[in-house]
Each structure stands twice: as structure tokens, then as C-alpha cells.
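Participant: Going line by line, the protein sequences match chains A and B.
So for the first sequence, the working numbering puts the first residue at 1408; every next one is plus one.
So for the second sequence, the working numbering puts the first residue at 1408; every next one is plus one.
Treat the hints with caution; some may be incorrect.
Each pair may be met inside one copy or between any two copies, as identical chains are not told apart.
To be verified - Think about it this way: if two alpha-carbon atoms lie no more than 30 Å apart in a straight line, the pair counts; the simulated BS3-like pairs of lysine-lysine are:
| # | residue 1 | residue 2 |
| --- | --- | --- |
| 1 | K1584 | K1412 |
| 2 | K1685 | K1824 |
| 3 | K1564 | K1455 |
| 4 | K1483 | K1629 |
| 5 | K1759 | K1685 |
| 6 | K1713 | K1487 |
| 7 | K1792 | K1629 |
| 8 | K1412 | K1825 |
| 9 | K1825 | K1452 |
| 10 | K1483 | K1713 |
| 11 | K1561 | K1827 |
| 12 | K1452 | K1759 |
| 13 | K1584 | K1452 |
| 14 | K1526 | K1564 |
| 15 | K1629 | K1425 |
| 16 | K1462 | K1759 |
| 17 | K1526 | K1827 |
| 18 | K1825 | K1487 |
| 19 | K1462 | K1582 |
| 20 | K1685 | K1455 |
| 21 | K1629 | K1452 |
| 22 | K1824 | K1412 |
None of these hints come from the bench; they were simulated from the model.
Protein chains: 2
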Amino acid sequence: MDWEKILERLNSFVDANKYNELRGALMIMNVVDIAGFLSTLESDKMLKVFRILPKDISSDVFTYMDDEQRQNLMEKIGDKEIGELVSDMFVDDAVDFLEELPAGLVKRVLANVDEEQRKVINRFLRYPDYSAGSIMTIEFCDFHEGTTVLEAMKELKRTGVDKETIYTLYVIDDKRKLLGTVPLRRLILADDNAPIESLMNANFICAETMDDQEHVVELVRKYDLNSIPVVDKEGRLVGIITSDDVMDVLEEEATEDIEKMNALLPSEEEYIRTGVFKLAKNRLPWLMFMMISGIFTGLIIVYFEKILTDLPSIGVALTACIPMLMGTGGNCGSQASTLAIRGLAVGELEPKDVLQVLWKEFRVATIVSVALAAINMLIQLFVFKRGLTVALTVSAAMIFTVLLSKSIGCTLPMLAKKLKLDPALMAAPLITTIVDACSLLILFAFAAVII
Amino acid sequence: MDWEKILERLNSFVDANKYNELRGALMIMNVVDIAGFLSTLESDKMLKVFRILPKDISSDVFTYMDDEQRQNLMEKIGDKEIGELVSDMFVDDAVDFLEELPAGLVKRVLANVDEEQRKVINRFLRYPDYSAGSIMTIEFCDFHEGTTVLEAMKELKRTGVDKETIYTLYVIDDKRKLLGTVPLRRLILADDNAPIESLMNANFICAETMDDQEHVVELVRKYDLNSIPVVDKEGRLVGIITSDDVMDVLEEEATEDIEKMNALLPSEEEYIRTGVFKLAKNRLPWLMFMMISGIFTGLIIVYFEKILTDLPSIGVALTACIPMLMGTGGNCGSQASTLAIRGLAVGELEPKDVLQVLWKEFRVATIVSVALAAINMLIQLFVFKRGLTVALTVSAAMIFTVLLSKSIGCTLPMLAKKLKLDPALMAAPLITTIVDACSLLILFAFAAVII
């Protein structure tokens, strides 16, 4: 049945106060879709429907509600009820949720969370943003060395229901140091009396709590993992990160790069929910910087135009080429910097490859610039009927602008990485600003030489 | 032990021809790292080392080698040996590998693949690129309804080793129609005699073979899935897609968007391995289009400059502002279009939100433009000592340019989506080209009115 029809039927239950039927329908639905359904209801109805959900479902649904819905709900139900919801959430989801709340509210909610969960949450809230610790969860299955396969299976059956994943098991020693990982599939296939450490992979991949989340993503991507254990400095197992959280980070990092590459300060909030002033604040710094650079670029025109006023017809012809030349230079630079930035981001390029990349860009630029200059030459000569000198000047300037902008475009991101800056900052806006000035200087230099 | 030391030790084994020791060391290593080690060896040694790997490991290592390495290897070993490797690979990896090869070679390799695997591969090679069918695998565990838990566990122990994932099981009817999914955890916790369909989730999420891979990623992301079943038009189970492949697509799609947003035709090849002519070919179309647009933008300057020649001092002052105004307009438009494109890509925005977004951008643009115009006014008056008329003209043009470019920037991507075009094409390069012309027209219009 399609989503529209399902919604219609659910709404008919709500309108007729058929809450038993509604509960029945909701209990066969996916929690993500239940959250989606709740978001279509006005807040009184939403509260009523939320309350008829069984406890174990309601905390999952709460996890998938968006910030606005949750805020709506929190205004209606008491701190105690929220505390109970948070007690039932996976630690990583609970931490994500609490990090969005004002500090005062966090305290009130936490006061109603059961003690054990509260302790863990408090510890997790102290991990810095973007660290492995801040995105991990503690719902994993660990076993001490010496446990047999049969004992492990029994323990799994007893406690596995509440774990975020039971598909990788962790073997630890007395001090909780991680010794190895055991895929559940290997446990299932093994002899009942085998000790669990005989099945384990002692050469496992793991992250440290303070590792950057980008590094975690790299490891998971490189080794095609479903989940990755997180250890502290002493090698003790403190959490795991599952693939759904890795995908969140992957998408978040791509968004952040795209924003930085387009003169925006990155923001984690959804666009629609971000205030107008906050949006303006994220945009102004780069705009201001580039506007001021642009003013100085303008001075170059003024300076040279004074020289060119002796030859007014040539002056006008050259001025007419400025937007085209600056635009082409900017686009060429942006192409080269994009490939370098993305190559660095996905680990395909490293700063040491700079000469190889530069040589490649130089050859690409030669082909591209000659093609562009040829077409431009034809347009100047036959469409605009300019003289040969002007056409030659513009075409020569074009070739050098493309060569230069491709070189700058590919070099700056790699240099930035080398200097431990973010390569994504060396994208179109900055490159364009630099190339604008360069292209003007090149144009006028050629004008001076040829004319 | 760190990677450098491991490499050193492995190399010492190779140099001393200690192949037993080497095999021992390799057999405790991750296949990704073995592939990494092989890539450091020259081709004769690489071949020797590859040949000492046990069969089951060598096909996994082959999966993780890069194209160049594989080509290298394929030149040395016969079609028969390659055929054997491909027979042992997961179908999705084998298909990925074969898709990169020239057609003649594919035939030769396939002739040596065992018949069953060959049939499947041939079917998979027919799915269109970027479809769910093209990235799925057939190594999943399915059970007919009526199977008991005990029988299912026995079957799993017998066949599970060769499956890409056993953590979600699929229940099918006599016609292979997918009835539901059973998480392995639920099977483990269940009573031995329960029929498997009593454990299943009948309200499962699935993809169709011809669905776009982007849609698959959306489903997996939305419902936090570890794997997703793929059915044909009749609802019959034909494959599954696992989270590692979803992450590949996620990264691929982000790269594609970033490339499109920067005037590049998207390419799947690694930058370093792409030939210079291919790179030039991917860049020229947009550059050519934008160069020609730029030429026409230049005509606007020429047209109005003729009018302004009566007032040479004002003419020069205005010309000096052109790079700044065009640059600022371009950057503002690119900021707005980036947020719209990304919002559409991650499913946060939909074309129907266009008025809401436009209203938001209008308010942001008001704040931003007033701030920029004020600073600009101060610079014109006090740094460059221009007259009030020029300063007013430029500042007024600035405000309108920002308002217009933000509006165009946010509207075009949403319009593109509505028209089923790719919003990523409506990014900085195109927006900048449009805004360049608009900002000039605005500047000269104000000049005409105020002066």
C-alpha cells in the first residue's frame, strides 16, 4: 500500500478515536515511518498517539523524530516521562539528542534518567565534538577470554536483545583490554566447547576515543567494516561505532566540504530550521573578504585603462574581454581545485603527489587553453571584426590565464593539506579571487607587449 | 606494530626467499593490507607472492587490488587462473571488476569462470549502470516459509560461510516472492521449532532492480539498514545490497555532485589514472559554454561605456567596480545555490518548498547586502575619495545584485529538480555566468538613473 493511503487510513483511526485499531496498525509499522506519521499530526493529537505506543517502540520513535517534533512533545509531557524515554534509548542516540538541548534542560532530563544510563551519558557528553568517542555507543557484546562458544551463545540469548549489534563480538581480558573480534557467523559455525579466543581475529582494526571521526570513516571504508571497536589510550574497549553512524558522518563531511568549497561557514543545522541571522552570519565573512579583494582587482583596471586611453578603440575592445577572461580563469581554477580537494578528501591524492598533479594539470591546461583561444580568436576576428592585434592579445592572455589558473587551482589545496589546513577552503571562491587579479595583469601585460 | 615495520619485515622475507614465513605472516593479515603490500612490490615479485596465497584469500586480495595492479597481474597469469579467481569472488565484486575490462578480455575471462557463476555474472552485466541491480549481490540466505528455526540454523551452518551477510535472512514462497526479513538475532533467540515466518518482519523495506542507486542509498539512510533486499517487478527476491556498497555509492554520488557543481563532467575514474585528453574532454564543454557567455557579457560593458565616455572620471570609477560587483554577485548566488542543491540531495528540501526558501533567501540577502553595501560605501568615500553619486550608485547596485543573485541561486536548483534535471548543474559556474550579466545591467541602470 502506498504511503498516502496508509496515512489516510491512520488519520481515519485518529479522527474516529479508534485507538486500538491505530495501535495495531502502528505496531506493524517501521519506527521511522511512525515518526513520519506523527510529524503530520497537530500537537495535541500527536501527543495522544505517542502515548498509546508501547514503551519499547516509543523510545525508538522518539529517536527518529526531528528536533521540532521532539521540542513540541517535550513541552507537553513532563521531565519524568522524557527521562524514561532517554533511559530506553541507545546511548549514542541519547547523547545526540541531549547535545541539541539547552544546558538547563539537559540537567532536568538527566535527573530522571536511570542512574547507570545517566553515568554513561555524562561521560559521553564530555568527548569533544567530531571525536570517535562522541559518536560511539556502548551497546556491544563483550566476553572474557576463556568463555566457551556455548556459554557465549547462552549469554547472547540472554542479553543480545538490547545490543545495537551482536554481529561482531569482542573478546577482552581481565583489565577490559580488547584482545580480538569474533564475527557472530564464526561463533555459530563453531564447536560448542571451543574457547572464544580460538575463533577471534587478533589482528583487528580499531579506533581510539579521541580519533577524529573522519579517520573512523576512513578505516571503515578502507576495510569494508560493519562496525568498529573504540578503545581508550590503554587499549581498553569502551565502545563501538556502527555503520549507520558512519554513514551519517560520511554525509555530514561531504556537506561540510561542499559548503566550505562555496564560501559558506559550515553549519550542522538543517537549512530550513536555521534562522535568517545565523545564515547571514555564515555567509558574510567570506563575502566581505572577497568583496574587498574585488575592489583591489578593480584598481588594476583603472591603472591600466589610463595607459590605454591613448588608443580608445583598443581600450574598449580589451575591456569587453575582461568578464570573459576572468570568468574562464575562475572556472578553470575551480575545476582543478575541485579535483585536488576531492582527491585529497577521499584519500586518492596526497600532498607529496603535488608535482605529478601539477605536470598533469599543465598538460590538460595546454590542450584546454589552445582550444578555447582558437575559438575565441575566431569570434574576435569574424564575429566582432576586431583587428589581429586585439585578437592575438586576447588569445595569448587566455592561454596564460588558463595555464596559471589550473596551476594555482591544483597547487593551493595540496599546499593547504601539507600545512594542516583544510583543503576545502582553497576552492572556487578563493581561487577565483586570486585568478581574477592575475588574469587582468596577464591581459594588460600582453597588451603592453603586443600593442 | 606499525605499517612501515610490517612492510620491512615482509620485504625481508621476500628478499631472502623465505616464502613459508611470508605465507605465515600474510595469513594473519587483513586482505586489504595484503593488497596494499603487493602494490609496493615490483611485478615479478608481486606475482610470486600472489601465487603463494591460499585460494580463498587470493580472490579476496584480488578484489581489493587497484585497477593497475590487477592489469599487471593479468598480463602475467593466464586467463584460466583469472577465471578461477573470478569464480571465487562475490558476484558484485566480480561484476565491478569485469565492467572495467575491455569487452574482448571479459569474454576470455568469463570462458574460464565456472558455469553457474558465469550465468549470474552475465545477467548482472545487463543491468543498467547506477541501477540497484548493478550493485547487488546474490550471496544471501533465503528460506522457504515453513522452515523451522532449527532447520534454518542447520542450513546456515552448512552454507553461511560463503554468504556476504547472514545477519538478515529472507523468507520466500514457492515462487521466490519475498515475504519478509528475519534478523539473525531474532533467529538465535527463538524457539527451535518455531516456523521462520513467525519471526519475520513482513513490513520490510526493499528496492527494485531498476531503481536508481541513489534511491537505494536514501532508503538505507532513512531506515538505518545494514542491508536491503532487491526484488524484481514480480516481487521475487533476486539480490541484496550491503552497507559497504551503499557507502561506496554515497561517496561516489557526493563526488559526482561536487564535480558537477564545479563545471566538470563527472568521471568515475581516479584522477591520477585518468589520461590528460580525457580530463580535458571533461572540462571543455562547460568552459566553452561559459567563455562564449562571457564574451556577450563583455558587450554590455562596451555598450554602456560608450554612453559614459562623456563623463570619463565617473566611467573609470564605475569600471573599477565591475570585478568587485560581479565577484560578489557570483559568490552570493553560489552560496544560495549550494545550500539548495545540498538540501535537495540529502532530502531535506523539496521543489514545493521553493517559496519558503525564496522568502528566507530574500531576508538573508537583505541583511547581507546592506552590510556589504555599507562597507563598500565607506571604502568608496574615504579610501578612494569618490564622489557621493558614484558611491551611492555602486552601493545601490550592490544591494540589488545580492538580492537578485540569492534569488536566482536558490530558485534554479529547485526548478531543475521539478523539471527532473540534476540540480547540481545549477551551481556556481552557471549561476555566476547569469549573475555576471545581471550585475552589469543593474550597475549601468543605476548609473543611468542616479547620474
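Participant: Take the hints in turn and mark each one as holding or not.
Facilitator: Hint check results:
1. K1584 with K1412: between (53 Å within a copy, 23 Å between copies)
2. K1685 with K1824: both (29 Å within a copy, 26 Å between copies)
3. K1564 with K1455: Neither. Shortest intra-copy (35 Å) and inter-copy (47 Å) distances fail the 30 Å Cα cut-off.
4. K1483 with K1629: between (46 Å within a copy, 27 Å between copies)
5. K1759 with K1685: For K1759 and K1685, only the inter-copy Cα distance (24 Å) is at most 30 Å; the intra-copy one is 38 Å.
6. K1713 with K1487: neither (76 Å within a copy, 75 Å between copies)
7. K1792 with K1629: neither (58 Å within a copy, 59 Å between copies)
8. K1412 with K1825: Between copies, since 24 Å is at most 30 Å while 56 Å is not.
9. K1825 with K1452: Neither way: K1825 and K1452 sit 56 Å apart in one copy and 33 Å across, limit 30 Å.
10. K1483 with K1713: neither (71 Å within a copy, 68 Å between copies)
11. K1561 with K1827: neither (49 Å within a copy, 54 Å between copies)
12. K1452 with K1759: Close across copies (26 Å), not inside one copy (60 Å); limit 30 Å.
13. K1584 with K1452: neither (50 Å within a copy, 38 Å between copies)
14. K1526 with K1564: For K1526 and K1564, only the intra-copy Cα distance (26 Å) is at most 30 Å; the inter-copy one is 40 Å.
15. K1629 with K1425: between (51 Å within a copy, 29 Å between copies)
16. K1462 with K1759: neither (55 Å within a copy, 36 Å between copies)
17. K1526 with K1827: Classified as neither; 36 Å inside a copy, 50 Å across copies.
18. K1825 with K1487: neither (51 Å within a copy, 45 Å between copies)
19. K1462 with K1582: So K1462 and K1582 fail the 30 Å test inside a copy (36 Å) and across (38 Å) alike.
20. K1685 with K1455: Answer is neither; intra-copy 34 Å and inter-copy 61 Å both fail.
21. K1629 with K1452: Intra 47 Å, inter 24 Å, cutoff 30 Å: inter-copy only.
22. K1824 with K1412: Classified as between; 25 Å across copies, 52 Å inside a copy.
Of the numbered hints given earlier, the model fails hints 3, 6, 7, 9, 10, 11, 13, 16, 17, 18, 19 and 20; all others are met.
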